[in-house]
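Residue-level listing of the chains:
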Amino acid sequence: MPPWNDFEPFIVSGLALGGVYALSGVGLVVLYRATGVLYLAFGAVGALGALIAWSLSTKAGAPGWVSWLVCIAVAAAVTLGYGMIFGPALARREPLVKAVATLGLTLVLYGVMDLLWTTSGGQARSLGLPTDNTAFTMGQVQVTWTQIIALGAGVVLTVSTGAFLRFTKLGTAMRAMANDREITATLGVPVRRVEAAAWLGCGVLAGIAGLLLADLVALDPTTLTFLVISSLAAVLIARMRSIAVTFGAAIAIGLVHDLLTPITSLTNYRDMTPFVLAAVALLLMPRRPVMASSREEA
Amino acid sequence: MSQLHAPRARRTFLLAAGAAIALAAAGCSSSGSGSTSTGGTPTGTSTSAGTPSTASVSASQCGTKPGQTATGTPIALGAIATNQPGTSFTDIPNMAKAYFDCVNANGGVNGHPIKYYIETEQTNPAQIAADARQLVQTDHVLGIVGNTSIIECSVDSSYWQKLGYYVIDSGIAPECYSTPNSAAVNMGPRYSSDGAVQYALSQHVSKIVFDQSRVPGTDYIAAGPAALAKAANTPIVQLTETVPITDANSVAIKEVDDAGPNGAVVLNFTPPEALIILQAAQKLGLENRVKLWGCSTPCNTDFLAATLGPKWNGKLFVNAELTPPDSTNTTAMSLYKAILKQYGASVQGGIGSFSQMGFTEAEIAVHALESITGPYTVKSVNAAFKAVSNFNTGMLCQLWTYGSYPMHIPNNNDYTVTPDNGKMTTAQGCTNISSVDPQIAQYRGVAGTAPMAP
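Residue numbers (my numbering), protein chains in the order written: chain A, 1 to 298; chain B, 1001 to 1454.
I should point out that these hints are in silico values taken from the structure, not numbers from a laboratory. A portion of the hints provided could be inaccurate.
When the alpha-carbon atoms are kept at most 20 Å apart in a straight line, the in silico DMTMM-like pairs for lysine to aspartate or glutamate are as follows [what the hints assert, rightly or not]:
| no. | chain 1 | residue 1 | chain 2 | residue 2 |
| --- | --- | --- | --- | --- |
| 1 | B | Lys1207 | A | Asp132 |
| 2 | A | Lys59 | B | Asp1302 |
| 3 | B | Lys1311 | A | Asp132 |
Model, not experiment: these values are computed from the prediction.
For reference, chain B alone in the conformation it holds in the complex:
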């Protein structure tokens, strides 16, 4: 009888194992889609400044001919963004699209509307390479603005260099910062982690525990905090976690045990994962077992501050790559909020770092496009992108420059925020990321230190 049923038992085991593998594989796949945006009538210039705003700003101020739809030949721009279960960066190109829609409805760029193509991908190199070719060969885009992808920079960098495209993006992969053809408006995980560790070191902690998700590129990210801690003669423990995190309790206990009572735990995770760890620490009563907790930019959301509650006021310090939207009242910030309200229906996260990045990238692109006097071609558009110099975005500490450099880290000065009764408030104003990070030193060596925004 046993022998008779042995094949069935094996089948049952294989069934379970196969199903488990299929489930795991399913977690890494999804399908993509594209979307386009067309605009209205010619005109334009928009140079949003970071000057204080006392009057309310209308979205129509994004263009130079309010209410006049651009009707000229469209200028095609494109973007590639990761959109997969658990990781979606589509808010960034969607906000850029909202900005372009606003420009198109209010005069366009020298009379030309912007036609914006958004391709999404699921961390599949072949798909990402195909997306780039789709944008160039089928959609005939003249420039790439708003790319935000886990690996797009790694996959497409040489392609953009070969074709002479100078990408304005939100960076994640190392190649977004270390190649001539990519300039990001954000600092990305490495330099944002640098900022968080730098703040902890400035508070004279005795030890740093730096924990991040175990994904490709962790060694590259970890090198920055390691350099900062070494320069400060402070021991650092580097940890990585499998995501999604299912054992947050043990993760939090290990972090706190390793850091010690005068140490700091610095996290580099997406908002959901960081929230899981911080909530676990709170439930276990661990939040006060270390001197402070730190986090890279993704933790900079009011939702996180509200969910964690007052126990984390002045205990958690989050690096903020862009100007805090709640406490800032400048023309650019008001315009950003007005455009988001009127044109940003597809921006699901609302006000926050992601939509700020999309706004900033679109703002820089429009500023560059307006400087073109001749025909709009791949050559003229990318030359204009590359020529952007000391532009006041109103969203960053420093003026933003692309330039002809072998690498680009134009955003290397940032804020630190902390929860305060459900809101993130500024704990430290604009501060340079330390040149102790060799990449920052190398960039400043070729590009210098950008002037602060007025």
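The shape of chain A in the complex, shown without the other chains:
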């Protein structure tokens, strides 16, 4: 076992990795609680927005802030468009059908990105943010402000979304609709409008996450699209219900993952961390039905 000093930098990197998982995980839970859809295209729409932002800033010479706004707008538009077109048709279907439908969107977007931003000829891309240039030292390594912002965004997102769903009229309507669309409609809630708001919000989150993850992880369609799989572990630990638990689980996964890195005998297995923790958590936690809980909250 390495001395404690060797672990210090991995605590810093683990928190940053946990923040990355949290950004995606919290976004997934928000939409699931609002619409009942496990949005597997969350990473792909963020990646699409980030790649368009990259093209705008590097090819078209657009100012950075314009490309960032376009990134968020594209992710929001794609998500809203999908939700508006397919949401009503899928509303009465099983959760599995809804999730697989978003998997279809994922693969379509993935194919488009691979076609338009090819890796042929060893091409690689990078999207930096101004906050990368300022850093301070902690645990023997530099910490950039982008990492702090990502972690902070996760906290802010967790608190604000939790409060929004619990205390606002629209949030309450979203939760009610996710549990029973028909009953909610009979109560006079404009379900299409509420649904649109949920999809739009999720799209905005996907765009913000895509922008930050393109900087923190990589501007690569494959990486960003499938990063959602590791985030799913945090979502599963939270049983797709609690935003706060999702955030905490994501941070824990990031920390455990990185703290295993300096341990020679375990380092090659550290990528299993999200799934092992999710499996252990699901086995140990009491078998509380996910949907029933939401219904009670509604």
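For this one, chain A is given, so just place chain B on it according to the hints.
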């Protein structure tokens, strides 16, 4: 109530797990396609030399009858290349096609145009085997030129041997270098990693950390650097990473911690993955925590140098299997750039190692085809490929030879480049890869050491 909803909870879990598995599976699959290229009129010879060029070179110099389209019976050639999300080697056959198109438009090969079939694959052995049979049985190709695939050599090697095809390719899998019927223009991941480690050892580092992606064949690649480090009495730590890399920070920290202040970190990854690690090291302020960083050939791109910035000038040393295109002004290099400009619209990466490989393979093939005096058959074409000896490609340190050897590593002498304000510049000229690697020693034992290019 709990019992009533238990099945729904299980369904929800299964839903998520199933979707995750489906996503992961989707990342490993895609569809393939083929493309063809036909040409013009007969003629020809083209022997691009590596001699210094003072005048501008026109693409028409690829053939012996400039402006005359070849109209004879087409000579069918074929290639198989990996093309899947995140990994595409199609630039190599696409550049070979550009070269053949140029030859076809400027006299062809002894009057015959080259018809070039490109099959793509997604690392699926059954698909790769079917591609080979498609080329042979349906397209009736006479030779295989420009293959670049993660596992094609492993899958098709025995098939090519059985049919008497002598493949000119860009190698990745061990069988591209260790079998009688494959000769590559590049050094591939093992020998390129050897070159990067060899450079680090020449700088008297106290320890090597060699990190590569965790894919089939890593043990084969790792054996080369391990042999070099052992011979130099320098400890080596071998690491592997799951790709795509999502935890670049911890990867960079571990590499630097393991190497120590007088050590070297040597990477063997695709350009996007290497960039992720190097950028993470830079953001964490780790670039100066080791004596030097090294990288195998994929890092040799100006994009990487420009993206990383000046902090890596003289700090990162990249093995370069082919002549650096920016600082070279030879006839062959000028012809390569002219053909790329005029015929290379489908070469997405532009100037770089991949298109250089495609150019070199096509150049060797055309040189061999021009030597045939009788009919063009599988037998005559492959005999001509096999007979190529001491050919000056203008792209390699050494003259290139196929030959009747049980194994082929004809490119075993290379450059080292380093970033210099956004460009890769030569840090070390042509240097032999050490025979300490047992595979290199074995090849030189049967083929000798090739003469240096003039």
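Unsatisfied constraints (hint numbers, rising): Hint 1 is the one this structure does not satisfy, whereas the remaining hints hold.
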